[in-house]
Structure formats: structure tokens, C-alpha cells
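Protein chains: 2
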Amino acid sequence: MTLSQQEISKPNYFVESEQILHYGIEQEIMQLFNTPSQSTSVEKNMDELVDNLCDSFLIANNANTDIDLNSLKNQFYDSEIPEKPADIKKYIEYLSNNVIDHSIHTSSPRFIGHMTSALPYFVRPIAKLMTAMNQNAVKIETAKALSFYERQALAMMHRQIYNFSDRFYEKHIQNSQSTLGILVSGGTTANIAALWCARNAALGAKDGFSGVEKEGLTAALNNYGYKGAVIIGSELMHYSFDKAADLLGIGLRSLIKVPTDSNNRVNLRSLRQAVVECQDQNLCIIAIAGIAGTTDSGGVDSLLDIAEIAHEANVHFHVDAAWGGPLVFSKQHRHKLAGIELADSITIDGHKQLYLPIGIGMVFMREPHTAKAIEKQASYTMRKGSFDLGKRALEGSRPGMALFLHAGLNLIGTKGYEFLIDEGIRKTQYLANRICAMPEFELLAEPDTNLVIYRYVPEQFRELVAQQKLTEIDNLFISEFNQNLQKLQRQAGRTFISRTTKTTNCMGKEIPIIALRAVLANPLTTENDIDAVLNDQIQIASEVSVS
Amino acid sequence: MTLSQQEISKPNYFVESEQILHYGIEQEIMQLFNTPSQSTSVEKNMDELVDNLCDSFLIANNANTDIDLNSLKNQFYDSEIPEKPADIKKYIEYLSNNVIDHSIHTSSPRFIGHMTSALPYFVRPIAKLMTAMNQNAVKIETAKALSFYERQALAMMHRQIYNFSDRFYEKHIQNSQSTLGILVSGGTTANIAALWCARNAALGAKDGFSGVEKEGLTAALNNYGYKGAVIIGSELMHYSFDKAADLLGIGLRSLIKVPTDSNNRVNLRSLRQAVVECQDQNLCIIAIAGIAGTTDSGGVDSLLDIAEIAHEANVHFHVDAAWGGPLVFSKQHRHKLAGIELADSITIDGHKQLYLPIGIGMVFMREPHTAKAIEKQASYTMRKGSFDLGKRALEGSRPGMALFLHAGLNLIGTKGYEFLIDEGIRKTQYLANRICAMPEFELLAEPDTNLVIYRYVPEQFRELVAQQKLTEIDNLFISEFNQNLQKLQRQAGRTFISRTTKTTNCMGKEIPIIALRAVLANPLTTENDIDAVLNDQIQIASEVSVS
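First to last, the protein sequences are chains L and G.
So the mapping is simple: my numbering equals the position in the first sequence, first residue as 1, plus 3.
So the mapping is simple: my numbering equals the position in the second sequence, first residue as 1, plus 3.
Isolated chain L, as found in the complex (with noise of 0.2 Å):
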């Protein structure tokens, strides 16, 4: 071991300590700590044999290999931490062989059935500077520029959305009483964070009552005169609205989920209906929510309307953008985004349609002291006026994040992102043309965004899908048909293709079918990968069995 650099920092643990010498591996643990410069060979060597492992995994093109989950998983059993370290080459060696080979190629071309893509290559070496750096984004003192540059990207993004006027920016991006967004590990954090905000807002403290965040929600409700505290959005709302309305108190009950039209979309007049009826029930409304891309079915509520809704009754509108955020950057799609300008809170996925590592929600603020609602100090950190950024979040440390955030939206510009969701929903209506004019499918909805919910029907019912002659029997053969269809397909590891349920009206009664549902969101994916995907449904499809 060498440190040449400063010959005072030289370790000299082994001179001194007589009382450690029984570990025998001190001289091993302290190499593991050298910088790349002191052990070449060992970094280096390490640092090829991963390149390879990302080279040859990234170049795949199939979704996974074909070994079932029970097999799989007894590979797992040993709970031991070994004594000893293990030596570097055959822990990579056992990573390889059991992991890597087994994990899911999220960005082959044709795996199309979740919300996840192939990466633009900086985010690679972005990660191991991320991760050599080190920076706790939680307070100045251990991320100095970076909390600077934090801010800096998220109201990069703000403006994108709200584009408010130069003045604006220029008197909050770096003013630590400001929060134009805050930086959570995803959009379940972000959706539940913007709640948050709302609750503790739309019951604070007034007239010598401290509010909820010191007194409680049932403290709370009494003060208010209120019978309760609801959330009001669609019934497809993202799964994090439960665990929202479970974490803060209101209990699922307490989460009005509105039915969708056929579209997917809310529908107003029931939304109206919730409203009026919460407030004729004396119950505290915390936030209404509207969905720009559902998780589903990449649905997105007619926001303008909601906002309206919200405004007249005075009410948070929070939006859950976390998938259809990045319309914005389309001249062509980000109509359908209109309203989301409105919107007290949004929640926008890094990870998703910003083609960044998983690990980046946000949530933005229209107002830049809605944060403040939930605001926390230590006496170590996040000090009252200070820049600590963990004064105003949901997590408390937090890795340099924003370092891919800042960068993507620096190396792909706004142009660079217009081009790839435009690509994604063309492609998208590639696929939804396909399916409708294939006899062996049928589309269940138009697509929104870039999301097709569609389903296989099997030869003898073509026929009265045609006619629309399905009774709820033949709804329930074919959903075993296509659940087994997608799990088979999943296990061949060739495509992929998710499923999820969806209402449907037959012969005048909305009934649960299982759909397939794809996501075209990778820009590798071309149209011959689509058309591969549906020619392996209908290969896969000749060997599916119904009980």
C-alpha cells in the first residue's frame, strides 16, 4: 500500500495495535479502501470485468432466460456471511453466472411490457463518478455545489412545466426558503411527499390550533369542525395513493376513487358529484388528483377540467405525472398535458420517460413555500435558514441523484426529448394498427400516450368479439386464456408483454378482463420488434391450455 501523496496519512494500524492482530486480514480490508490510483491493478481489473458483464448484457435482445422461478430461487438459500472475504473474480464469477445471467434485459427491444427502457450510455460512468463522490444530499456540509446544483435541475424542470417568468426563477432557484421541487427516491415517495404537503395544509395551524403535523389528524378534524379527510382521484389512480392514504391517517376508505370512461379518463361528472357530496358530508378534502398517464393504461385526465374542479372548491390539485410528465417536451403531444400548468404539485419519474436510472422521483410545487408544510429541523443538520435540502423532503440521506437529472436534461435537450416520446407514440400507434388489423387480437382501448392494453382472443370467439356478442363466460375463458398466454410468454423469455385488469361493459355490466399491456417507451424497440413480439403471442397461443 502506497500513499505517496501525503506521507502523514499513512496508515500504521499494524505498528501500533497489538490487540486487532487475531482478524489477519487487516492488510486486505485496508486495499479495499485505496483510491484507483493506489491499486491499479486491482480497480482496473475489476472495472474490465464488469465492462464486459454490462457489454454483454446490454447487447442482449431477448427479455430473459427460460429458467422457472422455483428453480431459480433455491439458488438463494445460504444465509451465512462468510468469515473471510471473498476474492473479487469468483464473487463477479458467481454474480455472473447466478444473477446477471437470470436478471431481466430491461432494455432489449423487445421487452415492451413495463415502464422501463434501454439507458442513454452516460448514465454508466455517471454512476461510478455518483458513487465515488459520495455526496449526502441531505445537508450542505456533505454536498456542497451539489445542493446547488440540485436545485438548479429541479427548476430546470419546473420551468419546463410551469414556465413562469425569468424573475421568478432568478428570485427562487437558489433561495433556501424556496422549494420549486424536491428530489425522492421515486413516485411512489413523490405522490405520497405532495400529500403530505396537502394534508398538512389543508389542516394547519390557525387561531392558536398548531395544526395536524404537531397536534394530529384527530386533533385536527375536531378543530376543523370536519368528519373526516379524503383524497378524490380516479379509480386508477397508482397504487402509492393507498399506501398515501394508509401512511397519513385517512385510511383507504377515506381514498374516493372515481370511475373512468372508456377512455380511461376520469369521468367529470362523477368527479364533481365526489366533491360535492364530500363537502355536503362535512369531510376535509385534502387534494384532488388528476393522472397524466396512468400506470395502466397510459390514460391522462382531462386536467384542465380538474383543475377548475379543484379551484372552485378550493382544494390541492396534485398531479400524478410520474409517466406522462415528459409530454411537455412535445409541441405535437404535450396538449394533452393541458391544465397540468395549474396544478399545485406535480409528480414526474426520472426513471421513466426521462430515460434516467431508477431512484429519481420528483415532485415540483407551483408555490414555492408549499414545502414548508412539512418542514423539519435537527440540531446537527437542516438548520432553520439554511441550505440543507433535507430540511423540506420525505428521506433523510440521499445520494447525488441530481447528477443524472442535471445531466440528461444538459445531453439530451428539450429537443432530444420531444423526439423520443414523439418516436414512442408513434410507435405506439404502429402497435395499436397492428393489433386492429389482426384477426388474433383485439384493442381494448385507444391509446392515450404510449401504453396498449389489447387481448388475445382464441380462434372460436373472433366471431363474437366482431359482433360484440361476448358473453361474461366467454370474458372469463379468454382471461385465463390471456393470463396464461402472458405467463407463458414471460417464462419462453423471448418478448415480453405485461397484463393488467381492466372494466369492460358486456352486454350492459362492467365486468373485470384480464388485457395484455404493452409500453413503448424504449427507442431501440422498432417496428419489426413489435410485429416480433405479436408473432410470438400467436406462436405461444397454440400451446395454451384453459382448465
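One thing to keep in mind: the hints can contain errors.
[What the hints assert, rightly or not] In silico lysine to aspartate or glutamate, DMTMM-like type, Cα no more than 25 Å apart, as pairs:
#1 L:Lys387 <-> G:Glu483
#2 G:Lys334 <-> G:Asp308
#3 L:Lys490 <-> G:Glu378
#4 L:Lys47 <-> G:Glu51
#5 L:Lys217 <-> G:Glu238
Think of the hints as simulated: they come from the structure by calculation, not from any bench.
Please arrange chain G on chain L, whose structure you already have, making use of the hints.
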């Protein structure tokens, strides 16, 4: 662009779709999504640039540059996203000059003020691998082998703490109905998740009542006949308990903060009294929390006693061992955690004393069904009976951070972690001894683990300190002195110590004083570095002025 591997996948945007020609950057954007081998020059070039940046960043010995925050923030005022993709080389140059150069050298041996450290080299290539694999741990369909691998890594830590039988681990390690631990983004989310489970269990479904999860907090308290709900722990509980009390709807007032003794451990008599008082007032005690390593001072509560108190009261016992958990690896020091194995839930941070990157929190459950209390489902994922890890979690989409945890446990091993823990505590003793031996400093508490709380004493007060005759005014002066000393030291950037507030007895009265706070966890920190930090403080003290 060559996509030799499979001709069928060659993107054909440029010939087929006229509509997109106006972007003018299609090819540039598509090239970003090439795999490493398809773009050798581009990605390899960036790899090299980034490797050099990492290298010079990691070799730095000072804490940070001496640029002041106001000048620094002026560099981050632009809020426009560029239209065209930026040049990668120029962007990295920008990153280097504006962000990396003014980031905190958390790995510096003389940055001993926060819970950050140098990290083992293998985390850097693994970061790249994790990002390339882009698994989403929320569900098996986007994280096949990784789901089982994560369960295994968590079970290994569970076993290290609870040490149940082989049979126990065989039964639960890969059982989709069992949860031995949840991987979360950090200690804050771990504490929130644990207390969420505790609240939902304490006020669960019973005798026709559907439980707090569905009915909400007010209805649950009513149903059970409680007047309120509380969480009880020491006054030194991490600020995440404040967030949890707020989020969960009980309010900050219902987070009962019990005084600590001079050794920073919760006063057991006061704790018992608090429990009795809550019972007498008919309050539901959701959880009693013990701390294994307070963020303030590293103090460890008497966990065995708290376990007994919680057991007698039939209340969920949670241990926040975010910092101190890894003491279980040390034969010399694990006795300090005696009783942790009785905890119903335990928080441990991977990015603290497991020497892994930021973003790895963990909560372990003694009983494999505890986390069922927060289970959620969705139609497109997290189905009942599935191996989808998102079923029982606070977060939704999550990166494959298990790669770091599993690698750490294997590549460092129990002996390696034992060495790291023992070394940190040995160096802490060295620092405490030096402080006691130097007239310039006053040790403020005997360290329990590897945090040292002390302060600089200006010359005119040294005699009074020795005689324990400081007045409140004297203490006020010394506090301001230390606050300014810490700020100047941070600003100078050569070395770093943080500060906190501590309660002390001053002539029979409890008063708050400002304390310097050292954290000794970095394996690269030597006794020479410790001396250098103290000497730097003595030098800076000569420049401190008090208003």
C-alpha cells in the same frame, strides 16, 4: 451506428417517418442508446474522463475548497434546459469545474464530522453494473434473480442480528409470504416503515373492525376506545421519528421524548413512567423505540431494559440502529447492543457502518409476518402470492441496491466488518484521550461508540472548566465561540468537524450548549489525521471572534 448482432433490430426511423425530420438530432440521440460495444469510442472516452475525475477526487486530503456558499450558488442560476444536446466533453468539463471541484471530500481522512467515509473500491464498478442492469426491484417481472438475491442479502443480515435456527431461515428466506427485511432508500424511510407496521398492527382489524389501514386513525382510536396514539423514545431520537409521527397522523406532540442521562442514554425510570402515564391516560402506545448509536453522540440505549419495558407493556419494540447496528460484527463491542435481538423491528443503514453507497436503508423484522400490516396490491403488479418485493414496502420502483449489500457482506465478511468497527472505536478512544490531555478542549461525554462530543475552551475559561464553575453566560460565550470556530473550519476546508447542541448541567440547571462532533469511521483516518484536525482547530481558534 452498427447493430450487427441482429439485423432485424436495426432502427429504421430515418427512412420511414418524415414527420420527425425537423428535430435534426435523431442520429445523435439514437447513438446515446448504443450499447458499450456499439460505441466504443464514445462511452470509453467518457469512462476515461470520469475515471480520471474520480481518481483526483478520491485522492484529495482536504475536506473541500474554501469557496464561500454565496459565490458558489451564483454559478447555478440558469433555469433553461438547452434545446440541443450539449457536447459531452464540454459538459464533463463544466461538471468538473463547477460541481466536482466544490463537492465535499467525504472520503478524506480529515473529514471526520459526519457519518460518511471512504468506501471500498468495489462499490464503484458495482454502481456501473447496477445502472447497466437497470433492474426494478418492485416486481419479479423486472427483477428476476435480483428478487431472490435481495432476499438472501437481507436474510444474511437478519441472521447476523437475530441468529435464529437454520430451520427458521430455510423456511422464510425465499418464502413469498415472509418478510425478514425491507430494503429502502435510507434510515428515515426504514424508521417510517417500521413505525407504520407497528401502528397498523396496534390498531389492526379485529371483531368486525377493518383496522386503521382501511378506516383511518380517528375511527381506529374510537373503535379501540383510545384517547390518542403515541410513540415513545429518547429525546435523542433521529429527526425521522418526527417525520414518522407527522406522516402517520399522530402528530409531533404524540412523539414522547424521554430525557437522557449524562451518557446520552434514555433514562429508564423516566421511560417507565412515560409508559405508565400513557397507559393511565388511555393512549395507544404504537411503539417504544431504543437507539443504538444516536446521530448526535453515538450513545446506545440500554436495549435489554427497554425490551423488557416494551414486553411488559405488550408494545412493539423498535430499535433505530441506523448507525450502531454493525457493532453486531464485533466480539469486543457487540455486548453494547445486548437486547437488540429482542426488537420487533430494527433499522440499519448500509451507507453508514456497512461502508456502502448512500441509498441503502434496511428495516429488519423479528417476526416474518410483521410487514403484512402494510401490504398493498395492484392489478399490473404486486399480485397476491407473487414474489414481487413491492408488495410490502414504502417505496414502489426501486433500484437493485441489493448488489451493494450482498457484495459488501461477501467481499468484506464478518471478520472484515469486525476489524472496521473495532478500529473506529479504537481511534475514537485515541481522540477522546487527546481531548482530555489537551487544555484547549473539553470532552463533553464519554463516547459509547465512535462519536465524540467535545468543545474548544477559550483560554480565559480553562480554569473555570477545571473547577466546574462556568456560569450560564460563560457557556453562552463558549457556545458562540465554538459555533464560529466550526463555521471557520468548514470555510477553510482543510479539515472538518460538525457541530450539534447538547444539554448540560450548569450549576444545577439544564442548559443547551453547542458542541463539536467528531465521527470516527473512515478506515483511512490515522492518529496523525486526528492530531491534524485538533491542531487545525487550535490554529483557527486564534481567529475566532465572538460578538
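**Request:** List, from low to high, the hint numbers that the structure doesn't satisfy.
**Result:** Hints that this structure does not satisfy do not exist here, as all of them hold.
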